[in-house]
Amino acid sequence: DQQVKQNSPSLSVQEGRISILNCDYTNSMFDYFLWYKKYPAEGPTFLISISSIKDKNEDGRFTVFLNKSAKHLSLHIVPSQPGDSAVYFCAASAPDKLVFGAGTILRVKS
Amino acid sequence: NAGVTQTPKFQVLKTGQSMTLQCAQDMNHNSMYWYRQDPGMGLRLIYYSASEGTTDKGEVPNGYNVSRLNKREFSLRLESAAPSQTSVYFCASGRGQPQHFGDGTRLSIL
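Those sequence lines, one after another, are chains X and C. So the first sequence is numbered by the numbering used here: it starts at 1 and just counts up by one. So the second sequence is numbered by the numbering used here: it starts at 111 and just counts up by one.
Any given hint could turn out to be false.
Calculated cross-link-like contacts (lysine-lysine; reagent style DSSO-like; alpha-carbon spacing at most 30 Å) [what the hints assert, rightly or not]:
#	chain 1	residue 1	chain 2	residue 2
1	X	Lys54	X	Lys97
2	X	Lys71	X	Lys97
3	X	Lys71	C	Lys119
4	X	Lys97	C	Lys167
5	X	Lys54	X	Lys71
6	X	Lys97	X	Lys109
7	C	Lys124	X	Lys54
8	X	Lys5	C	Lys119
9	X	Lys5	C	Lys124
10	X	Lys56	X	Lys37
11	C	Lys119	C	Lys181
12	X	Lys68	X	Lys37
13	X	Lys37	X	Lys5
14	C	Lys181	C	Lys167
15	X	Lys37	X	Lys54
16	X	Lys97	X	Lys56
17	X	Lys71	C	Lys181
18	X	Lys56	C	Lys119
19	C	Lys167	C	Lys124
20	X	Lys37	C	Lys119
21	X	Lys5	C	Lys181
22	X	Lys37	X	Lys71
23	X	Lys68	X	Lys5
24	X	Lys5	X	Lys109
25	X	Lys54	X	Lys5
26	X	Lys54	X	Lys68
27	C	Lys167	C	Lys119
28	C	Lys167	X	Lys68
29	X	Lys68	X	Lys97
30	X	Lys71	X	Lys5
Each pair of labels, with its calculated beta carbon distance range [what the hints assert, rightly or not]:
#	chain 1	residue 1	chain 2	residue 2	range
31	X	Gly60	C	Gln127	43 to 49 Å
32	X	His72	C	Ala192	36 to 42 Å
33	C	Leu179	X	Pro79	43 to 49 Å
34	C	Glu162	X	Ser110	46 to 52 Å
35	X	Gln81	C	Gly126	31 to 37 Å
Simulated from the structure, these hints should not be mistaken for laboratory data. Glycine included, each C-beta is placed from N, C-alpha and C at the ideal position.
Hey, can you work out the whole structure from these sequences and the hints?
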């Protein structure tokens, strides 16, 4: 039973446009959410996070939105760049552990 | 800054062989984690250690053992490798969130 779901295995976007990656969760006890970015042959690197008491967090080109009532979060990347092409994992924190989604492959075309 | 260092990067084993994956972190983090990443399944937690001297099972602990040797080092052992354990293994450390990941060990079991 997947508690964190990323229903889109892949997403292709034109350079300069917005990328929107989505994530759904089922456990209402999750209180902190994170996005990680992963390039081939490297480990995941932390990108941005949001606490359950907020509905938006922004860091440069990256914004994460949280809709608690829908148990849904999304990552917006504006503008998208070719270097953003990677696998993006959504993760939810259950006190000291993380539960990961399956990931979404983002391809930014130049 | 080394961060989280994993050795080896690649390994091929035969069914039934044993193997220890090594992980060390230089960020003075209390918590350390072992994950495996399989296609379409994201990262799944195998074992974690919230502090030196303690270890706990994660989502998929069967077939593995761990040792928290000291604050810096956390090893993962496969006593009798099985083809189902073919995967990419990631070690992570953290003080709360976010966790910081190593670059992984790609393990193939024939």
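* Given the proposed pairing of C:Lys167 with X:Lys68, does the C-alpha separation stay at or below 30 Å? -> holds (29 Å)
* Asked: Given the proposed pairing of X:Lys37 with X:Lys71, does the C-alpha separation stay at or below 30 Å?
  -> Within the cut-off at roughly 21 Å; holds.
* Given hint C:Lys181 paired with X:Lys5 - CA-CA distance at most 30 Å -> With a Cα-Cα distance of about 33 Å, the restraint between X:Lys5 and C:Lys181 is violated, given a limit of 30 Å.
* Distance restraint between C:Lys167 and C:Lys124, which requires alpha-carbon spacing of 30 Å or less -> Given that 30 Å is the threshold and the Cα spacing comes to 25 Å, the pair holds.
* Regarding the pair X:Lys56 and X:Lys37, is the alpha-carbon distance no greater than 30 Å? -> holds (19 Å)
* Quickly compare the C-alpha distance for X:Lys54 and X:Lys5 to 30 Å and report which way the hint goes. => holds (21 Å)
* Asked: Hey, X:Lys54 versus X:Lys97, does the alpha-carbon distance stay inside 30 Å?
  -> holds (20 Å)
* Is X:Lys5 close enough to C:Lys124, meaning Cα to Cα at most 30 Å? -> violated (34 Å)
* **Distance restraint between X:Lys68 and X:Lys5, which requires alpha-carbon spacing of 30 Å or less** => With a Cα-Cα distance of about 15 Å, the restraint between X:Lys68 and X:Lys5 holds, given a limit of 30 Å.
* **Agreement of X:Lys68 and X:Lys37 with the hint, judged by alpha carbon distance not exceeding 30 Å** => Since the Cα atoms of X:Lys68 and X:Lys37 sit roughly 23 Å apart, the hinted pair holds (cutoff 30 Å).
* Does the alpha-carbon distance linking X:Lys37 and C:Lys119 stay inside the 30 Å limit? -> Cα-Cα ~20 Å, so holds.
* Has the given pair, C:Lys119 with C:Lys181, been kept, meaning a C-alpha gap of at most 30 Å? -> holds (22 Å)
Hint check: violations occur at hints 3, 6, 7, 9, 17, 18, 21, 35; the rest are consistent with the structure.
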